[in-house]
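**Student:** Generate the whole structure from the sequences, applying the supplied hints.
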Amino acid sequence: MALEKAISVEAGLHLPVEVEETPEEKSMSFCTKVKVILTNITVEPIMFCYILPSVMASITTQNLTLEKSCRVNLALDERICDALAARNETYPDYKTSEELVQKLSATMMIWKNIIQSLLPAILLLFLGSWSDRHKRRKPCILTPILGEITMTIGFLLCTYFFYQLPLEVNILAEALPPGLTGGWFAMFMGVFTYISGVTSEKTRTVRIGAVNMFLNVSICIGISLSGILYEKIGFYGVYSFSLVMYFVALVYGLFFVKDIREIEMEKGIYKKQVGKRKNICVDFFDFSHVMKTLTVCFKKGARNRRARICVIMVLVMVVIGPMHGEMNVAYFFVRYKYGWNSVDYSIFSTFQFVAHTIGTLFSLAIFTKLLKMDDAILGMISSLSKIIGCLFYAFAPTPLWYYFGAIAEMLNGTSFIAMRAIVSKLVPGEELGQINSLFGVAEAIIPVVYGPLYSRIYARTITSFPGAFFLVGGILTVPAVFIFIWLYFEHRRDKRNAKCRRKKPSGGVDFVGTFNRIWENHLAELVECRRCKRKFFPDRIEIHEKSCAGTPIKLNSKK
215 MALEKAISVE
225 AGLHLPVEVE
235 ETPEEKSMSF
245 CTKVKVILTN
255 ITVEPIMFCY
265 ILPSVMASIT
275 TQNLTLEKSC
285 RVNLALDERI
295 CDALAARNET
305 YPDYKTSEEL
315 VQKLSATMMI
325 WKNIIQSLLP
335 AILLLFLGSW
345 SDRHKRRKPC
355 ILTPILGEIT
365 MTIGFLLCTY
375 FFYQLPLEVN
385 ILAEALPPGL
395 TGGWFAMFMG
405 VFTYISGVTS
415 EKTRTVRIGA
425 VNMFLNVSIC
435 IGISLSGILY
445 EKIGFYGVYS
455 FSLVMYFVAL
465 VYGLFFVKDI
475 REIEMEKGIY
485 KKQVGKRKNI
495 CVDFFDFSHV
505 MKTLTVCFKK
515 GARNRRARIC
525 VIMVLVMVVI
535 GPMHGEMNVA
545 YFFVRYKYGW
555 NSVDYSIFST
565 FQFVAHTIGT
575 LFSLAIFTKL
585 LKMDDAILGM
595 ISSLSKIIGC
605 LFYAFAPTPL
615 WYYFGAIAEM
625 LNGTSFIAMR
635 AIVSKLVPGE
645 ELGQINSLFG
655 VAEAIIPVVY
665 GPLYSRIYAR
675 TITSFPGAFF
685 LVGGILTVPA
695 VFIFIWLYFE
705 HRRDKRNAKC
715 RRKKPSGGVD
725 FVGTFNRIWE
735 NHLAELVECR
745 RCKRKFFPDR
755 IEIHEKSCAG
765 TPIKLNSKK
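773 is the number that my numbering gives the last residue of the sequence shown; the numbers go up by one with no jumps.
FYI, nobody ran anything at the bench for these hints, they're computed from the structure.
Some hints here could point you the wrong way.
Below, simulated DSS-like cross-link-like pairs (lysine-lysine); rule was C-alpha separation at most 25 angstroms, straight line [said to hold, decoys possible]:
hint, residue 1, residue 2
1, 713, 639
2, 317, 551
3, 639, 506
4, 713, 583
5, 472, 349
6, 586, 709
7, 583, 472
8, 513, 709
9, 472, 352
10, 309, 514
11, 709, 639
12, 309, 551
Derived Cβ-Cβ restraints for the label pairs, each shown as a range [what the hints assert, rightly or not]:
hint, residue 1, residue 2, range
13, 288, 465, 37 to 43 angstroms
14, 514, 561, 33 to 39 angstroms
15, 309, 614, 50 to 56 angstroms
Remember, predicted model here, so these are calculated numbers, not experimental data.
Note that beta-carbon positions come from the ideal geometry of N, C-alpha and C, so glycine has one too.
**Tutor:** See below:
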């Protein structure tokens, strides 16, 4: 679950992070860059205090779901539930009870995924446009924090009234507040657009890099602590600690971060909107802006633009979808098959996250920088790595082989970079925001489809072949390989067409133009036969007229 959220970060197709370093930034020393970051910190602490508790509490929440399933909804014997929590596999009926608990939990996860993904997808259609029109970024950043606070309070209530509140209330507490406030998707959109709005071109890359650094550090720390803290301080401890961090983020954002509109007012460059002010709800849910985004994204253009954008949207789904689905039930899988507890899973998740990071850096350094590989080839290698990793995960007989699966798929993270790079090169800069907004909506919808699908598959195959959902992930990733191949050949065709459209060299001779003029002059010298009206070169006309002597003369049809 923790890594599922990290995957959304890596995908990042809706985040404007593709910024080239300026010459001034390249000349900065490491100490200078650190000084720039420390003296200009704004939203970075908010990211840290939002991401870390969210990731850290993920395993605790999954364990709360399993405990509720066992003790409340299924009403199993307390000794059996204690044995399941302690991973005591020698207890009678252990396997049967674990199967019942996980089947119910996986079924409930279906509804959680639908609510938690569908609502932000609808919200994002309007949120980005409203934020751009009014220069308001803080609501996009702070509202998701309120959602997490409400969710955490709901978990504390579900823990306190453990036997009074069934699992369904627990699922609603987990899904509704983040869904109604935008969750991670709204937070990332707000943070990165805020950074782009308050920084100069000279410092923008450094600041965006700082946000990404805070992001990765908080995810890594959260994953590492998730299992250990659950074992040491339990439900109340983890949720209370998370609640404190969320309140710190909220207070800091309210009183120490200025919105873009406030900054522009101080500088005297803010432009007030002209015209009658609309009701806030009418203004927010304005469908005309949604239609404008769809029109821009799917309009025809050069280089087979519409087809490529549609294909890349499918690519986003087949690449990111299996990961969302797998991570939805991965903890249940390792708990059932290998008898892992929360600490074991958090250690593996940390190893997997580090392997992904190393694989991404290797791909960028070797494949992109050194070998100058095409973006589509990079994506194809990444998809093949994912397919191989799925085979390891599905058939891993021991935990060691399961770890080998993480190594086998360590190059998988580069597919997100490849998709982002292809999109950024396909559309002009002024349309990239709208394109990425639509891709962000598509990414938010993905768990609605893949989460329930994988939960259903796992619930149906847990007794016969619990790793079947990994095979499904590998099969669903196969189309990505062929899509990347198609994009590669499309890019090659673009290169060939570009070579054909040669321009006259500066200060040189236009050989192509000269040849064309000579050829046109040569054609102008053709002589027409008086009988058959066909044209021949001067040196051939006499020979032809002798052979054409018996042919009747054709009269001109024009009057």
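**Student:** Hint by hint, say whether it matches the structure.
**Tutor:** Going down the list of hints, with the structure as the test:
1. For the given pair, residue 713 sits about 18 angstroms from residue 639 by alpha-carbon distance, which is consistent with the 25 angstroms threshold.
2. For the hint pairing residue 317 with residue 551, the CA-to-CA distance comes to about 14 angstroms; that is within 25 angstroms, so the pair holds.
3. Taking the CA atoms of residue 639 and residue 506, the gap is near 21 angstroms; set against the 25 angstroms cutoff, the hint holds.
4. Using a Cα cut-off of 25 angstroms, the hinted pair residue 713 and residue 583 holds, with the two alpha carbons roughly 23 angstroms apart.
5. A hinted pair counts as satisfied when its Cα atoms are at most 25 angstroms apart, and residue 472 with residue 349 qualifies at roughly 12 angstroms.
6. For a cut-off of 25 angstroms, the pair hint linking residue 586 to residue 709 stands: about 15 angstroms separates their Cα positions.
7. Proposed proximity of residue 583 and residue 472 is contradicted: the alpha carbons are some 38 angstroms apart, above 25 angstroms.
8. Taking the CA atoms of residue 513 and residue 709, the gap is about 23 angstroms. The hint holds against a cut of 25 angstroms.
9. As the CA atoms of residue 472 and residue 352 are separated by approximately 8 angstroms, the hinted pair is consistent with the 25 angstroms bound.
10. With a C-alpha separation of about 57 angstroms, the suggested pairing of residue 309 with residue 514 is violated against the 25 angstroms cut-off.
11. Under the criterion of a C-alpha separation no larger than 25 angstroms, the hint pairing residue 709 with residue 639 is consistent with the structure, at around 13 angstroms.
12. Straight-line distance between C-alpha atoms of residue 309 and residue 551 comes to about 10 angstroms, which keeps the hinted pair within the 25 angstroms bound.
13. At about 41 angstroms, the CB distance of residue 288 to residue 465 agrees with the hint of 37 to 43 angstroms.
14. About 51 angstroms separates the C-beta atoms of residue 514 and residue 561, a value inconsistent with the hinted range of 33 to 39 angstroms.
15. The hinted window of 50 to 56 angstroms between residue 309 and residue 614 is violated, with their beta carbons roughly 22 angstroms apart.
In this structure, the earlier hints numbered 7, 10, 14 and 15 are contradicted, and the remaining ones agree with it.
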